[in-house]
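With chain A's structure known, arrange chains B and C on it following the hints.
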Amino acid sequence: MQALILAAGRSRRFWPLPDKNFLKFGDVTIIEHQIKTLRKKTSIKKFVIVGGKHNLAQLKKLFPRDIVLEQKNLNKGMAGAVLTAEKYLKEPTLIISTNDLIDIAGIKKVLATKNCAGAILAKQVSEYFPGGYLKVTQERIIDIVEKPKPSKEPSNLVNLVCHLFNKPTQLITELKKTSNTKDDGYERALAKLFKTEKFIAIKHTGTWQALKYPWHVLKAGELFLTGLKRQISPKAQIAKTAVIEGDVVIEAGVRIFDFAVVRGPAFLGQNSVVGTHSLVRDSIIGMNSVVGSGSEVARSYLGESVWLHRNYVGDSVLSENVSLGAGVVTGNLRLDESEVKSIVQKRKLGTGTTKFGCVIGAGSRIGINTSLMPGVLIGSGSFVGSGLIISENLPEKSFITGTIKLKTQKNRIQLSQRKPLS
Amino acid sequence: MQALILAAGRSRRFWPLPDKNFLKFGDVTIIEHQIKTLRKKTSIKKFVIVGGKHNLAQLKKLFPRDIVLEQKNLNKGMAGAVLTAEKYLKEPTLIISTNDLIDIAGIKKVLATKNCAGAILAKQVSEYFPGGYLKVTQERIIDIVEKPKPSKEPSNLVNLVCHLFNKPTQLITELKKTSNTKDDGYERALAKLFKTEKFIAIKHTGTWQALKYPWHVLKAGELFLTGLKRQISPKAQIAKTAVIEGDVVIEAGVRIFDFAVVRGPAFLGQNSVVGTHSLVRDSIIGMNSVVGSGSEVARSYLGESVWLHRNYVGDSVLSENVSLGAGVVTGNLRLDESEVKSIVQKRKLGTGTTKFGCVIGAGSRIGINTSLMPGVLIGSGSFVGSGLIISENLPEKSFITGTIKLKTQKNRIQLSQRKPLS
Amino acid sequence: MQALILAAGRSRRFWPLPDKNFLKFGDVTIIEHQIKTLRKKTSIKKFVIVGGKHNLAQLKKLFPRDIVLEQKNLNKGMAGAVLTAEKYLKEPTLIISTNDLIDIAGIKKVLATKNCAGAILAKQVSEYFPGGYLKVTQERIIDIVEKPKPSKEPSNLVNLVCHLFNKPTQLITELKKTSNTKDDGYERALAKLFKTEKFIAIKHTGTWQALKYPWHVLKAGELFLTGLKRQISPKAQIAKTAVIEGDVVIEAGVRIFDFAVVRGPAFLGQNSVVGTHSLVRDSIIGMNSVVGSGSEVARSYLGESVWLHRNYVGDSVLSENVSLGAGVVTGNLRLDESEVKSIVQKRKLGTGTTKFGCVIGAGSRIGINTSLMPGVLIGSGSFVGSGLIISENLPEKSFITGTIKLKTQKNRIQLSQRKPLS
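Residue numbers (this note's numbering), protein chains in the order written: chain A, 32 to 453; chain B, 32 to 453; chain C, 32 to 453.
With the rest of the complex left out, here is chain A (with noise of 0.2 angstroms):
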């Protein structure tokens, strides 16, 4: 048995975070965490990563042992990938990504599946989800349809990639077959065999997380957050003073002042600091991170080197290298408390949830006191001045400042001598 991983994608609708593959949670990305998890709790020992240009190097730097390939041409999506290992695939193989967070007691299922030419794990949504819907006949699967419109979904099983072809050749001559003119070019070879082939639905009862647009990395996070374990590294110095609660990582090199107050679950990076009279919980601290003094970080996800100082992190999403001034705090929900929306490769989208505050790209400054409003994405390098309101999501390298108008008061009047307080 082996494994298919498709890691090519370019994590467009993902901006302005980089490549999911290698997001961090504690200190693996989450395709080393994938494939770990792989290789240590099932029979797949043999993994074929396809990656594009632009995350090659990086791939091959991570799986040296393994059969990285590379993708050409990107626009041929899933169809393109599969293509791309054809030589590889003569034996079982299981299709996966890093675009469906699935636990690993879901892949068993669809690894154990006997007597069929394949298994495809599906979610049972209670409502509409934009995905592909699978249509099935007791458990064999007759056909998959593509984003249906809400109330003309086929069924409530949505497709998530964790496909098993225990004869992938099938698959290989099918996509040759389809056209390759759209994007989803996997979905209708999918389609054929569904007709000619015993293809079985295994329901997924265990946790799944979409990861696809940037909030997603919250929910994520939650996911990581959940499983983690009590344990503080002796190489962590923690004053007295400080409250630490709960399901805590606090890995070696952490330091944790006077009057701080970590709540877990929580995972605090190699090296990272919480301040004094700080606030951290329900958070992933990523390593060399600076919660300064008198800041909160609730329900977030900080990337490695960023620096705070007296804000308030909500529900937001910061990538590595990234500082706020003192005074900056994320807005994360709406006056009217209604769901968070996001423009997304200029289309704006509900983000599920009326807690959200905004996502900022790698390397980027705020300055103190600016307001940061729920939904907004920042592209990364971006320097954003000092008091200012951000509403709208700013490009990559954006340098953005703004004045109040000043004016001159006449008439100023004396003050009186300051009185010791009393």
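Don't take every hint at face value.
Chain copies aren't distinguished; within one or between two, either way the pair holds.
With a Cα cut of at most 27 angstroms, we get these calculated BS3-like pairs of lysine-lysine [as the list claims (entries may be wrong)]:
| id | residue 1 | residue 2 |
| --- | --- | --- |
| 1 | K372 | K428 |
| 2 | K372 | K438 |
| 3 | K441 | K428 |
| 4 | K260 | K250 |
| 5 | K436 | K76 |
| 6 | K386 | K438 |
| 7 | K145 | K438 |
| 8 | K118 | K145 |
| 9 | K140 | K84 |
| 10 | K271 | K260 |
| 11 | K229 | K166 |
| 12 | K438 | K428 |
To be clear, the hints were calculated from the coordinates, so they are not data collected in a lab.
Same frame as chain A, but now just chains B and C:
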């Protein structure tokens, strides 16, 4: 002995706060507190309450066993209110209202006067107050002058609405003779009565607080707090690291988080929350309110279900269900440190104090980092955007935003790689 | 041996701070500190102090037993100052000023030189400094070059004003010969003297700090703090929960509230206050100053009677009687993390550091939530409104406000009833 409670006023100068009768201190409204105290501490057992269309249902609900009457024409003021109760005014009657908060000792002195047609409680003032002044010969009142100009006062005795009429039918007769065109019919009837009947001025030496303008809530709150004794419910959850000092009442279900400080006198209503690193002092926190982490509340009144987060609320009144975004500050001191002024019914009034913040009507939301200037009144149900400077009153159901014009800069300097904190 | 103290400078490049002679570190002004140290640690017992009209009264008050002279024409600079003291300059004299803060060891080395007409203390610099450079053959000085262009320096020895003249009448003679049209008459007279008389350059290896620009106060403060030893007055009131670490001097009457942190080296002057949840580190807090609750003061100098409340003051100098409203932040790092620049007497100067906040003159008030940009200088007696962004110097007695244009929105969404916090 009976009491006629005048409760029909529309609290227009109390805007943006609702009907003052129902303002709560602790768990009871002030009208309940007034009637309960009279019932318990005096011989008055019968209460006739005059309300208006706007509050009749609520008065009937609060006082199901008392007589609650509706004054049809509210423009007729106190005269109309007394005439509404005409048929009940056969026996000695104390006329009182929630416009004047008076300690029970003063009221008892009025009730104890003998050998006269009635008595009027009078506050000896040391500086001008815009009220009715009693002209007195020895202790007999000979006239009442409504709002004389400063320095034209006939005495330093200000009429408080705590009036005993041993023969209230005399008052009724005079009220009927007085023309109805002005709203001072009651005082003119009094003036006539004083000519022929012996009314005694009782000097009030105890506490008294008018409840006319919204900032009077803070003064009334001070009186309430002064009377508190330390009392902490066993059903409250208080972090070990929290500091609770002085006369603090903490009700059931209250939660106080780490490193919070509550410095008495202070009142924390049922199920209210004082968050991590927050400070509450000299304040009243209504039930279900949340003083979210990193906030300070000083000398303020918070109604029920108010939500703060990283705010400073000083010398301010926040009505029920108000939320402030992180970083919102109530300015409570002018730069020139002079008296704070407010606009009440289009007139600019001095508030009599140099420390006064703002008053926010029920159900309002204020966005992050917004600055509220001293003396501002915000109508109920308002939405105020983030990062703004609010220096004028806002009407009810305002929805205010503002933008700082942003400018894209060129010549962005490249940042060098960040070094870890040493 | 006597000393001539040059104290007539008008501290114009020190604006918006007042006369540098009277800047206090701990409880004494620097001129007092300088003279006291000389009196105690050297053989100098006689002091001739030259002031100007602007500070003569104050100098006489501080040094009632010393000779205090007035330099009439301040435009004549050091030359004029020395000539003012002509009749006292008969015996060996050390000329010194508060423009250069030099440790006593250096001064003693100058005083100990033998067999020469005089000696000049010189700082060996490793990079360009805009001062006077000594041209030296062996240890004998042969010339002095005022502010050469960078790379045109005749040596790496910068002239410090710590000059010993064994025969000061020689200097007087030269000064009289030198034309008065320029302000470098003193240096030109020196240059002439060096031709004929043997003056020795003493290399200064100890601490030295120029006190020329307002940001030099922070460097001088560092020197002061370095010398502190932990000393806590028994007359200070320190909350049990407060944390006091390192070499902190806490004077009588100081009050430190709950959960405050003071991290040494730090100096808290008499009756100063560190409020609840505040943090003071590497800073000097003048007497009667109040670091109000929720503030952080880092690497800063606060004069007397400064009032903070929920501020961040970093790498900044606040003169006496300055108040910051809640939420005011001193930005102390540029977005591009490059050297902070300031405008001094209309010229833009580098401050030599990437971490520098602002300097605020005495008696100023800054409104809530205002953002002060790095390098800004604010004249004394200024009023600055709330919610503003101050990115340029403000002259004395400025009264600045600003408004963000507000917009009334329609289609206000109705809020549903709030649920209590679960």
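Compare the structure with the hints numbered earlier in the document and write down the numbers of the violated ones, lowest to highest.
-> 5, 7 and 9
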